[in-house]
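J.: Residue numbers (my numbering), protein chains in the order written: chain A, 2 to 362; chain B, 2 to 362; chain C, 20 to 338; chain D, 20 to 338.
Heads up, some of the hints might be wrong.
Stated by the list, open to error - Cut-off 35 Å, straight-line C-alpha distance, at most; resulting in silico cross-link-like pairs (DSBU-like, lysine-lysine): (1) B:256 - A:284; (2) C:43 - B:55; (3) C:334 - B:199; (4) A:226 - B:55; (5) B:337 - D:333; (6) A:185 - C:147; (7) C:273 - D:333.
Unchecked claim - What follows is a list of derived Cβ distance ranges for each label pair: (8) B:231 - A:284: 21 to 31 Å; (9) D:206 - C:263: 47 to 57 Å; (10) C:49 - B:193: 47 to 57 Å; (11) B:340 - D:73: 19 to 29 Å; (12) D:206 - C:275: 32 to 42 Å; (13) A:187 - C:49: 51 to 61 Å; (14) C:302 - D:206: 51 to 61 Å; (15) D:329 - C:150: 56 to 66 Å; (16) C:194 - D:206: 52 to 62 Å.
None of these hints come from the bench; they were simulated from the model.
Beta carbons: idealized from backbone N, C-alpha and C, even for Gly.
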Amino acid sequence: MPKIKRLLSSSEAILEASDQMMKRDNKLILIGEGINDPKGIFGTTSNLFKIYGKDRVIESPISENGITGVSIGLSINGFKVLLIHQRVEFALLSLEQIINNAAKSFYVSNGKHNVPIVIRMVIGRGWGQGPAHSQSLETVFSSTPGLKVIIPSTPYDAKGMLISSIFDPNPVLILEHRWFHFVKGDVPKRIYKTNLKKPNVILKGNDITVVASSYNINEVIFCSKILKNFGISIEIIDLRVLRPLDTEVIFKSVKKTGRLIVFEIGNKIYGVGGEIISMILEKDFNIFKSSPSRIGLPDSPTPSSRALAEKYYPNSSDILKEISKQLNVNVEVQEKIINLLLDKIPENEIDVPNPEFKGPF
Amino acid sequence: MPKIKRLLSSSEAILEASDQMMKRDNKLILIGEGINDPKGIFGTTSNLFKIYGKDRVIESPISENGITGVSIGLSINGFKVLLIHQRVEFALLSLEQIINNAAKSFYVSNGKHNVPIVIRMVIGRGWGQGPAHSQSLETVFSSTPGLKVIIPSTPYDAKGMLISSIFDPNPVLILEHRWFHFVKGDVPKRIYKTNLKKPNVILKGNDITVVASSYNINEVIFCSKILKNFGISIEIIDLRVLRPLDTEVIFKSVKKTGRLIVFEIGNKIYGVGGEIISMILEKDFNIFKSSPSRIGLPDSPTPSSRALAEKYYPNSSDILKEISKQLNVNVEVQEKIINLLLDKIPENEIDVPNPEFKGPF
Amino acid sequence: MKSLYKNLFSSLLKLRMTENEIAKKYSEQEMRCPVHLSIGQEAAAVGVCSNLELQDQVYSTHRCHSHYLAKGGDLRSMISELYGKRSGCCGGRGGSMHLMDPSVGMMLSLPIVASIIPIAVGAALSLKLKKKKNVISVFFGDAAVEEGVFHESANFASLNKLPIVFVCENNKYSCFTKINERQPSEDITRLAKCHNISNLRMNGNNLINVYEKSKMIIQQIKKKPEPFFLQLDTYRHVEHCGPNSDDNLNYRGKSELNNWLKDDPLENFIKFLKGENEYDQKIVNEINDKIMIEINSAFKFAKNDKFPNPASIKKFVYA
Amino acid sequence: MKSLYKNLFSSLLKLRMTENEIAKKYSEQEMRCPVHLSIGQEAAAVGVCSNLELQDQVYSTHRCHSHYLAKGGDLRSMISELYGKRSGCCGGRGGSMHLMDPSVGMMLSLPIVASIIPIAVGAALSLKLKKKKNVISVFFGDAAVEEGVFHESANFASLNKLPIVFVCENNKYSCFTKINERQPSEDITRLAKCHNISNLRMNGNNLINVYEKSKMIIQQIKKKPEPFFLQLDTYRHVEHCGPNSDDNLNYRGKSELNNWLKDDPLENFIKFLKGENEYDQKIVNEINDKIMIEINSAFKFAKNDKFPNPASIKKFVYA
Ligand SMILES: Cc1ncc(C[n+]2csc(CCOP(=O)(O)OP(=O)(O)O)c2C)c(N)n1
Ligand SMILES: Cc1ncc(C[n+]2csc(CCOP(=O)(O)OP(=O)(O)O)c2C)c(N)n1
Ligand SMILES: [Mg+2]
Ligand SMILES: [Mg+2]
């Protein structure tokens with residue numbers, strides 16, 4: 002990442018990317034429920050319709066399946082479409098269009114119809130949203146050939162990957178964690194692309210590889226700082242691209258560290274971790290020095306109450322525990338690590354991402 | 002399995018189970034598109050409406066999402082519902098109901114509303130059905146906590162597992178491979194249950210464990226017979242239950258053989274195999290003597306043409322190759338195995354399950 | 020004051036006062052879940068539900084407080100649920116968008132727009148199959164009819180002559196988006212007619228009218244099962260989600276806003292009572308006090324209630 | 020024979036003869052994919068598509084042979100597709116339910132009921148955005164309107180005044196199930212009215228009428244973009260899927276069957292031509308011969324065509 006200091010939140014970065022791409026390409030259409038309202042999808046579409054008109058920034062009826070089909074129709078007729086859902090769950094209503102038509106038209110048509118549609122979908126977390134507003138569903142989307150599925154983690158990628166998605170001739174689904182919207186980071190002003198091909202090493206280390214994505218990255222970075230005090234160096238990989246899944250970067254890292262933790266945004270069971278571990282194992286049966294671990298949501302729906310949410314979402318202490326286990330850290334040191342963690346952990350409610358954020362969402 | 006000789010095809014077994022359960026429980030309702038028509042969902046619902054009336058065997062409008070909600074409404078009001086889709090793809094239209102409501106109502110209601118609904122969904126294969134009529138989508142369904150997902154392989158289980166599903170207080174999704182409908186086997190006349198909990202060892206062996214499901218089991222059995230001639234003994238496990246996934250039976254088997262192949266009905270990438278392998282590895286890091294393999298559909302939609310379908314679907318020779326690889330079978334023997342295979346392979350078109358079957362359907 | 024009027028008034032006031040209290044306490048940030056208040060729309064819930072028997076069922080959406088209370092749902096369990104506490108009607112698992120109290124026929128509320136509608140139709144089918152003379156009411160907003168599943172449900176209900184009232188509370192907005200940006204006409208009954216479903220559109224802020232009309236409708240359905248579609252035009256007084264006014268954002272026209280805020284179901288009903296010479300300040304005060312006590316006690320209870328045991332997360336995933 | 024009549028007749032006959040040939044050869048089991056024949060329903064495709072220009076687009080369903088041919092789709096590519104061959108319009112990847120020939124505006128056919136409808140609406144939106152004076156026609160059956168997405172699409176098209184003709188070929192059946200078991204009325208235009216969409220219901224087996232009416236409709240749309248819904252009542256002569264009659268199964272009433280089989284679009288058109296004194300046996304013979312040659316050549320081509328290269332399975336998964 003270039004060394005510039007232009008701090009934007011991810012949602013600001015998304016807005017900027019959308020704005021610049023709308024300006025650049027008059028064949029780009031935005032569509033979604035609430036995109037022209039005063040909240041503008043958490044600020045990511047604010048006022049765009051004032052600049053580009055309601056013909057190009059289309060406020061939609063509450064008809065997810067319909068507008069997904071409409072977007073596909075536009076996109077096989079020379080347009081690019083950015084379709085936006087305030088919660089990923091709303092896209093469940095349109096899976097037939099996504100899985101059968103967006104994903105397969107290029108294939109079935111023997112290369113005649115590609116479907117350049119980008120679907121942004123927000124994963125809810127916190128403030129008691131409850132079971133139908135806080136799923137991530139990444140394997141539901143990632144299991145279909147023909148789709149690309151990405152999950153950015155930094156404002157830099159929020160912009161760069163959205164731009165790449167819009168340039169991409171394929172259907173690209175973007176999973177945006179609600180708390181990731183608040184994350185701030187350096188974002189260049191220009192139009193730039195971030196590749197949609199592979200994970201990204203964001204911290205070099207030697208002892209163990211931790212793969213995470215989206216908001217979870219922050220928890221892992223937090224852990225890495227604590228572990229540094231104990232001479233443990235972890236390599237952090239930002240997964241970023243769930244489909245097509247290219248594990249080469251992870252493989253190289255594990256080749257060095259011999260150890261792997263996959264920290265899931267979604268459920269552990271039938272999550273992304275199993276696929277990553279199996280792929281690595283297929284490439285090199287002897288690569289692991291210790292049993293690779295997966296950390297993910299437990300096998301239950303998301304409860305609303307913060308008392309339950311606190312135990313539902315795995316966090317830095319779960320990561321530290323797995324790392325200690327794999328590295329055989331002795332009990333005394335383990336205790337010290339946990340104590341340091343408890344010292345440093347922000348005095349934050351579990352159901353909000355940072356003190357700036359006040360509900361409702 | 003008891004030693005009786007009452008040969009039924011799986012579709013006959015399903016019809017018998019449905020009939021017996023309809024008779025036994027007047028709170029059981031069948032619903033689906035075409036269930037009362039002369040073809041009766043490949044013979045699995047034939048004439049039931051004549052016995053039980055159109056109030057209990059409900060022919061439905063072409064509204065998958067609607068009737069799934071209707072079925073949930075019935076099922077939280079004292080009924081049991083067996084909902085049937087002629088192709089699993091049609092259920093994509095109802096995923097919001099399945100994933101948010103069927104799967105989660107028991108949880109959200111703190112145990113007040115359980116949803117005893119069974120959804121039978123047919124996986125198409127062969128006769129050029131093309132990309133939107135031949136998916137299996139098992140991970141799409143299996144990734145949601147609160148659902149049970151099963152995929153029977155024998156007529157015995159077709160009946161027993163359907164009966165268990167109807168008795169089960171949870172939402173159960175049944176994936177039925179189209180070719181599995183034709184498979185014949187022993188089926189007792191009485192009402193009996195087959196557990197919905199775990200896989201089933203269907204052939205004991207020592208050298209390698211092969212996990213497969215549904216129609217694929219036949220390919221593996223075929224292989225086992227060939228391999229016997231070469232002193233190779235494989236243990237075959239019928240997976241049967243995709244969620245909740247209990248890998249204990251597989252674990253025990255691999256503990257013995259040290260080797261594992263998972264043969265998928267669906268895609269290899271983001272399939273069931275990755276989850277199984279990771280679970281086993283978590284239980285015992287040193288369990289594998291060789292790199293476990295996954296055989297599944299390639300990462301593309303299903304092409305219609307039989308010339309493409311032939312290469313698209315993995316078959317017995319792919320299994321034999323993987324087994325040879327893992328067991329380090331020498332090249333000469335490998336050649337002999339393949340020759341024997343080619344000798345024995347039925348003179349069958351690739352796109353039909355057996356010579357009795359003539360398209361279209 | 021006639022006992023009918025007293026009941027209607029009590030029910031209406033209870034909804035209003037409860038939600039006002041929620042609004043007041045929301046900024047304490049102890050109710051940590053989204054809340055969609057029905058302030059201004061209460062006549063729909065009270066008018067319809069006052070005609071329902073215990074065995075008649077109600078199904079609702081994200082905006083379910085009013086239906087829950089009007090159907091007789093337990094107040095403490097509701098407030099506890101908002102506080103994410105153990106005695107909440109969902110044990111804290113659902114939050115404000117999943118309110119239910121099956122013991123009084125308040126069966127289910129769901130936050131995905133229109134998702135509840137086919138389920139309510141299934142409930143109506145269960146009545147038909149059981150040959151019960153009850154009725155189902157399903158409440159939803161003006162945006163729900165834009166979801167295809169509304170039509171699938173309406174077609175199914177019409178085809179099978181099911182005993183269900185579809186109650187569409189048209190508050191003109193889906194979040195900030197006005198109905199005329201989403202549909203070609205604000206007359207939503209057209210979407211009932213097309214499925215051959217009897218229907219009626221009326222002002223939904225006049226409690227006594229809503230009560231009288233829905234009484235007829237429900238009686239009729241109980242005599243001869245058939246779906247009915249009732250469009251109640253109404254207005255939301257506060258923001259879509261949350262306790263505050265958001266009219267500083269100017270998404271609702273000034274004159275529209277003024278006209279509709281004036282057309283307040285509570286004031287309307289008081290005016291009606293006065294016109295009928297049925298308004299009795301003393302009784303009103305008594306009702307008010309009684310409700311206040313109940314509300315205070317519910318909030319106190321909820322605040323003192325324990326959080327659910329974290330170990331219970333894995334409970335009730337499977338039956 | 021007027022050239023209009025000659026064209027209409029040729030088009031109609033070509034559809035009929037092509038599908039008859041498919042039916043005849045299907046039992047050879049070389050066309051190994053499901054086929055949904057339009058025999059008996061061809062006047063809809065010909066009547067509407069004969070009014071379309073090259074830049075006007077057509078979208079269709081599982082029953083797409085007729086629309087593909089009527090819009091001018093290449094016959095060889097179609098037959099090759101049925102044979103699963105390399106020169107098939109989808110390279111053998113789609114089979115009979117995905118026919119397309121974008122070069123003539125036959126854009127897409129999809130086998131999931133109603134799935135094509137919102138895509139066609141999106142295409143109509145693209146015309147509006149490009150300010151093109153063209154029109155989209157989307158064909159679907161009487162069951163498609165039972166899918167919620169039909170309504171979502173109709174609402175969207177109405178709201179945005181999009182240039183699209185929804186052509187509903189009502190053959191009364193979804194597979195074996197009659198429309199009155201699925202909907203409360205066979206007048207499907209009610210589902211257009213409710214979305215404020217202009218509409219017309221007519222017999223769909225009278226080619227000249229369908230042609231004349233759709234001509235007016237399409238001209239009108241090109242002048243003033245707005246959706247239109249055209250219900251064409253018609254009948255399928257053979258089984259839902261496959262080449263044979265299945266009337267031995269008795270799912271269609273005898274008198275219904277007889278009446279409708281008599282109401283055959285081809286015979287009707289011949290009768291019409293004769294009535295107008297426009298029938299010329301010599302020209303008809305010529306047309307017949309020409310089509311037969313074309314068909315024979317197409318089948319021959321398809322049979323001799325190579326299968327796609329198995330290695331191409333992984334091609335075109337991503338662009
Ligand atoms: C399928 C789906 N799409 C979008 C949303 C987001 N959403 C929540 S409430 C709401 C507004 C619904 O409007 P209406 O049905 O009129 O009810 P109101 O809020 O006005 O009572 C929307 C769009 C959702 N919950 N579900
Ligand atoms: C969503 C969906 N549900 C069910 C089917 C199975 N199916 C294929 S064709 C068909 C009949 C559709 O009837 P109609 O729309 O009237 O068209 P027709 O076949 O009569 O031309 C059905 C139900 C499907 N393809 N897609
Ligand atoms: Mg509203
Ligand atoms: Mg039809």
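J.: Give a verdict on every hint.
T.: Structure-based check of each hint:
no.: 1; hint: B:256 - A:284; result: holds, 22 Å
no.: 2; hint: C:43 - B:55; result: violated, 53 Å
no.: 3; hint: C:334 - B:199; result: holds, 21 Å
no.: 4; hint: A:226 - B:55; result: violated, 67 Å
no.: 5; hint: B:337 - D:333; result: holds, 30 Å
no.: 6; hint: A:185 - C:147; result: violated, 57 Å
no.: 7; hint: C:273 - D:333; result: violated, 59 Å
no.: 8; hint: B:231 - A:284: 21 to 31 Å; result: holds, 29 Å
no.: 9; hint: D:206 - C:263: 47 to 57 Å; result: holds, 48 Å
no.: 10; hint: C:49 - B:193: 47 to 57 Å; result: holds, 53 Å
no.: 11; hint: B:340 - D:73: 19 to 29 Å; result: violated, 57 Å
no.: 12; hint: D:206 - C:275: 32 to 42 Å; result: holds, 37 Å
no.: 13; hint: A:187 - C:49: 51 to 61 Å; result: violated, 37 Å
no.: 14; hint: C:302 - D:206: 51 to 61 Å; result: holds, 54 Å
no.: 15; hint: D:329 - C:150: 56 to 66 Å; result: holds, 60 Å
no.: 16; hint: C:194 - D:206: 52 to 62 Å; result: violated, 36 Å
The earlier numbered hints that this structure contradicts are 2, 4, 6, 7, 11, 13 and 16.
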